[in-house]
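Peer 1: Could you slot chain B onto chain A? The hints should help.
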Amino acid sequence: MDIKIKHLNKIYGDGYHALRDLNLTIQPGMFGLLGPNGAGKTTLMKIMTLMHEASSGTILFDDFDIRKHRKEIRSVLGYLPQDFRFFEKLKTWEFLDYGAGLAGLKGGKRKEIVDELLRKVGLFEVRDRWANRLSGGMKRRLGIAQAIVGNPKVIIVDEPTTGLDPEERIRFRNILSDVSDEDVAIILSTHIVGDISSSCKKLALLNKGELKFEGSPDDMIRISEGKVWEIFVTDKELANIKEKFPIISTIPSEGGWEIQIVSENPEGYAAKPISPNIEHAYVYFMDFLLKDKMDMYSETEGSDLFV
Amino acid sequence: MEWHNINVNARYEVKLLTRSGLFRTFSVLAIVGITIALLMNNTSMINRWQGSWASSALTSLIPFTATYYYTIAQAVILIFLAGTFLKKGQKLDTTEVLMVRPMSNSDYILGKVLGIAEVFIAINIIILLIAGFINVFVNQTPFSVVPYLFYLFTISVPTLVFMLGLSFIAVNIFKNQAVTFIILLGVVGIDVAYLTDKWYGILDLTGCAIPAIFSDLTGMANMGLFLMQRLCYLILGIGLLLLTIAFVDRLPERKSSKQMQLYAGMVVCLLGVMTGLIYVSQHNAQTHVRNKYIATFKQYAEQPLLNTTENSIVISTGAEHLDAEAVMKIVNNAETPVSEVTLYLNPGLQISEISEDGTPLEYRRDNQVVLISRMVEGKDSVVLKVKYSGYIDERVCYADVVQDWIDSTKSESIQHYGKHYAYLDNKSVLLTPESIWYPVTVAPSNPSAKYHISRDFTKYTLKVANRENREIVSQGFPIKDSLYTTFLNFYNLSGISLAIADYEKRSITVDNIDYEIYNFRGNDFFSKHFTHIQDTLPALIRDIMGDQESRFGVAYPFDKMAFIETPVHFTSYPRTWKGNTEFVQPELIFIPERAVTLNLDLDAEATRIKEWSSRSQSLPDEETMEAQLLSSFVRVFTEETSRQRRNWEQQSVNMHSISPLFSNFTRYIYSYDYPIFDIALTTLQTLTATSTQARFWEGIVNNRQRANQYLESNSFQYATRDTLIDPEIFYELLKLKSAQLRMYILSHISKSEYENFMDDYFFECEFRRSLATDFVAKFKERFDLDLTPFLDNWYTEVVSPEILTSEVYASKAEFDDATQYIVEFKLYNPSTSGAIITAQIGTGGGGNRGGWGGGANEDNTYYYSIPAGTAWQGRILMEDQPSNLVLNYNIAKNLPTTNTFSFSKIDMETDDTTHGFVQIPVEKFSTTSKGEYIIDNESPNFRLLSSNEKTKLQELLNKESTTDKYHNMQFWYAPSKWTLTAADYMYGDVARSAYYKRKGSGGNGAEWTFNVEEPGIYNIEIWVAAQNMGRRRWGAQEQYYVVSNQEWTENMALNWNRTESGWYTLGTFDLPKGITTVTLSDKTERDYVIADAIKFVKDERKSDSGSNSNKQIYNNYE
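Just so you know, the protein sequences line up as chains A and B, in that order.
Residue numbering for the first sequence follows my numbering, starting at 1 and increasing by one per position.
Residue numbering for the second sequence follows my numbering, starting at 1 and increasing by one per position.
Please note: incorrect hints may appear among the correct ones.
Here are some chain B residues the structure puts well away from chain A; computed CB gaps all over 10 Å [what the hints assert, rightly or not]:
hint : residue
1    : Asn-5
2    : Arg-19
3    : Glu-96
4    : Pro-102
5    : Glu-253
6    : Glu-753
7    : Pro-975
8    : Ile-1017
Across the chosen pairs, the derived CB separations fall in these ranges [to be verified]:
hint : chain 1 : residue 1 : chain 2 : residue 2 : range
9    : A       : Asp-62    : B       : Trp-199   : 38 to 46 Å
10   : B       : Leu-271   : A       : Gln-82    : 40 to 48 Å
11   : B       : Leu-271   : A       : Arg-67    : 28 to 36 Å
Non-contacting residues of chain B with respect to chain A, defined by C-beta distances greater than 10 Å in every case (computed) [to be verified]:
hint : residue
12   : Arg-11
13   : Leu-16
14   : Thr-94
15   : Pro-252
16   : Arg-254
17   : Gln-303
18   : Ser-389
19   : Arg-542
20   : Ile-725
21   : Leu-746
Because the hints were derived from the structure by calculation, they are not lab data.
Since the structure is predicted, the reported quantities are computational estimates derived from the model, not experimental observations.
Note that the Cβ used here is the ideal one computed from N, Cα and C, for glycine as well.
Bound-form chain A, shown alone:
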């Protein structure tokens, strides 16, 4: 299912313009949504999940328009919100069963599907435990299970791995990956750039309600090539360099610090260029590019990736 976002605007009651003329296309597969706090990611997701109404513009799920075909869109949606901790007094299997029931599943088949999903997410042994008594990771797994029950065509997950230990995080990514193979669009909103690099084919970067980047992670990385440097600095130099360049990482080393920075040209420092990763690219975008130097790149390579 293709998702087309057209000229989407959202202005809240207090006049805050959360989304500004957003245009975006999302195709099946894992799609990452990046951006700082206040970028408009959650607002976009709220609109996509039909929790909020857009001020103008629309979103099309294939031919289904969010303004007219809410029931149809809801029938193909799965959603896992960022906060997913507090349950009413239901058991694990009951919570999933509730969602399955509302997803249109009936009777004995529903029971089978619920059990199968619980196994899939590794919660079958705790199916009779109260949902509130599950660990954080288990809750998140329950969340993804209910998001995928009913075989939705679009799954929207918001910060799904925040707070999870590495093992849970990997398990979570694997679950999502399994689902994404089945012609399903999974929109993953996250701050954890590693989640995107490992699973997303495409991503979009939002900032202040606007789309700032749309493309693959590699495209994003390419733009930042030659802009990421590794430098050894002393304590004194560290203080100075902090003032000048965004520092991506700081690793203590003998006599000083091995730091990685983003810069066009780190004059005055013995900097060694390194191959950027998605995290470097993100920092390059957020801390360097989008700050004050956008105009300089309107004619340079990759400028077409800027919106």
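Peer 2: Showing chain B alone in chain A's frame:
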């Protein structure tokens, strides 16, 4: 809308609700609490003596009670849970994922509603099952499953739907659970407490205050209106739920859905409101028609009066229909001719023909009035035949009763019965004269002047078409053939009634009087209690009837006394101006279904008799106990006031009293000038010397006192026109005025002379109408006493005498070697109204406080007339030792109106045996001696030293009557603030009153101030109001006083543990000139403190002037 989604939401709502700790607590509390409440109020399990018959005798009573309790509890918990139902806060972030699902907002809300409803209805069913168990196995009272289901679906469910809708909307509006809870709880509280009887009960959202009890025979009184009221709330609830769907904070499936739901919700709410308006308008329509009939009565109130001497009626009845023919002999007793004959007939009955000797007559009809174009000459008569048929329009009944009475659904208990004034259907026919089911020449009521009524005495013959499996009952001797039952009357009656139903009949003849009981088949709840007295029943009945005949002074005038069971909704009103209710007719007494509203619990009464007897270790045999039970049964019909009310300060007129059978139905004394005369004379016949005497257990604040207060500013004549006066107060007022008439008569002639005259007169005018002028003339002829001047004042004067009493003594006198006693007293009437009082002397010695008889009898009763501004001395010579003197001031400002003086010891001796009642100079009367200065709590020199004012909130919440200045003494639970009370053991010239309150910490006091003009030695005495019934209490009983003036202050204590009221010395003091105050503290070891009167008595000893340390000379503390 998809049923699957609704079902899923409902299933999970059920799970969530039943797992909620709050809801579980509510469920358990509701089930346990309601079970206990049912056991306490609807069974005799917990209080075996209380009796539960009134709340269980009919099949609908127990299920209604259970539903009532549950519906109110349900409303409260729904409000509390409402805030959690739609909450979408941080705490429930996981519910967001459910909102994303493809369900409509309707699916969501309706699913929640369905789930909630299922759970609440399940609890309701559990409670009803418990109620059913209690009904069948604990109480063994009549049971039917129909009312259980009926109340579930018509009371609980609409309330549930409405409260859910209201709560949901409120949560959406206020968006705060706590605020919603407080506001809705306030709304429900105010509604239940104050609004349920407004506008015919349309604001009763629980449906528990509108008439809902079924008659087991005829069903609900007005099913249509009841269902309409409930439908109103059901529809409103649905409308509110639709609006809730519109307001749900979730995007609807279709953009237009929200608007459609909003419009749908508004339309349905409007429909609900309209249903409510139709309900109200239906009632208003009834009132409108009633007012039309009232106007018709008023319009024709001055029609010339004709009398019907004979009336032969042939009638057949069917389902809401009757056909009848009446042949009436109508007489014009006046001298002047009457141009047209006026008849009254129920407006639902259509006249097909009026004829005389076969010749049809012209007539016109104006509602219940029929005007026949036929002149009747003076002293002439006419015989008319009237053919009519139709239904009975009950709205013509009780035209002389205020609309508030008609509309009121107030009840003694939580169960509210509907009202019917007549029945005409397949199950029951019940027609009394009030419904004008046969034509009459005298209107049954006169709304414009309700006391200006007349009563006709007619020879009735009634022929009723038989009905299969139906017993027909009426006055007279029945003769039954294959087609008809004919009732022949040998007396002229003031009206006849007709009852037809599937009755079981029981009868017994004692001394030529047939005693009959007609109960609906299957409703014999009483026979099992009287199995052992079948043989002695005639003797018992003879004794009971003998007592009543003695009480009324006449033999029972009829040949029959029949007790007839009626459907429970058959209603009447206490119209003192008529002297009887429709429950009591000549020869007939109508009792409600299973005597349910008579609160006649024979089981509880039998238990009480048995247990009470066993306490005295003399368990009587079955026969004796059943005889006592029979007396209890009979007491229901012979008591003056009803036992229904539980509040001991309130009593109601006994509407089933049989006294009219001995008076009202046997005669009528018509008076144009004093319309109340007949009733007053009837009431007078039932009075004794102690009828208006205060009873200890009645307290001070009672209806008699209120009646007295009423007469202080209103005349008797005004009272007869006052539509707002409470009937119970009017009844007491009537007794007071009747007693006043009696006392006046007995102050001039002897009791035996009076009784002989009344017997002769009543015999002479039995079963006919006579004139008051005739009575007065005969009285004058017999006793040379013209009652007219007295009657004029008696009727029109605003009477408010006050009587001061002093120097009450009892002395011994030796006379002819025999000890005799003199009781003397002085009376003074300083007011401008004359007074008539009785003095009754109790005998037996020992200082019996009397007040309720104490050895007194009519023989020791003396009647005195005390004109305004005069003083008198009474001296009564007795052979027996007097124990007390009770002065009954009857109508006076005195409070209480009786004063009891005990003579525990008679030490005084005298050789003066003169006796009589003589006038003395006013100067010789005094309530104080020389040198005595009394400051009472009613004096301006007395004040309370605390604020007795209530806060605004206390005033708002306090439902206590603000018209009662004085309150009854409740020493077992004294009030926390100073409260004015009165009793005859308190001090006072006119009002024997005092202030009292619960013991305190000393912060509240009372102060008496005395201006010492002549310094010197004074005894300070305190009036101790000893109410401990002649026995001492244990423990410290001091009250603490501070005596102070400008020179010194002294703390004192006085022991209040006394057997007799009187003056007790606090101490003797040397008082300087100027103000001396005595202050009472509320700090005491007693349970309460009393502030009454203080007396300063000048001691003639010289004071030790200048010696301030000698302020207290000695303390006479006993």
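Peer 1: Would you mind marking each hint as holding or not holding in the structure?
Peer 2: Hints and how they fare:
no.	hint	verdict
1	Asn-5	violated (6 Å)
2	Arg-19	violated (4 Å)
3	Glu-96	violated (5 Å)
4	Pro-102	violated (4 Å)
5	Glu-253	violated (4 Å)
6	Glu-753	holds (89 Å)
7	Pro-975	holds (49 Å)
8	Ile-1017	holds (85 Å)
9	A/Asp-62 <-> B/Trp-199: 38 to 46 Å	violated (59 Å)
10	B/Leu-271 <-> A/Gln-82: 40 to 48 Å	holds (44 Å)
11	B/Leu-271 <-> A/Arg-67: 28 to 36 Å	holds (32 Å)
12	Arg-11	violated (8 Å)
13	Leu-16	violated (5 Å)
14	Thr-94	violated (5 Å)
15	Pro-252	violated (7 Å)
16	Arg-254	violated (7 Å)
17	Gln-303	holds (77 Å)
18	Ser-389	holds (65 Å)
19	Arg-542	holds (74 Å)
20	Ile-725	holds (61 Å)
21	Leu-746	holds (82 Å)
Of the numbered hints listed earlier, those contradicted by the structure are 1, 2, 3, 4, 5, 9, 12, 13, 14, 15, 16.
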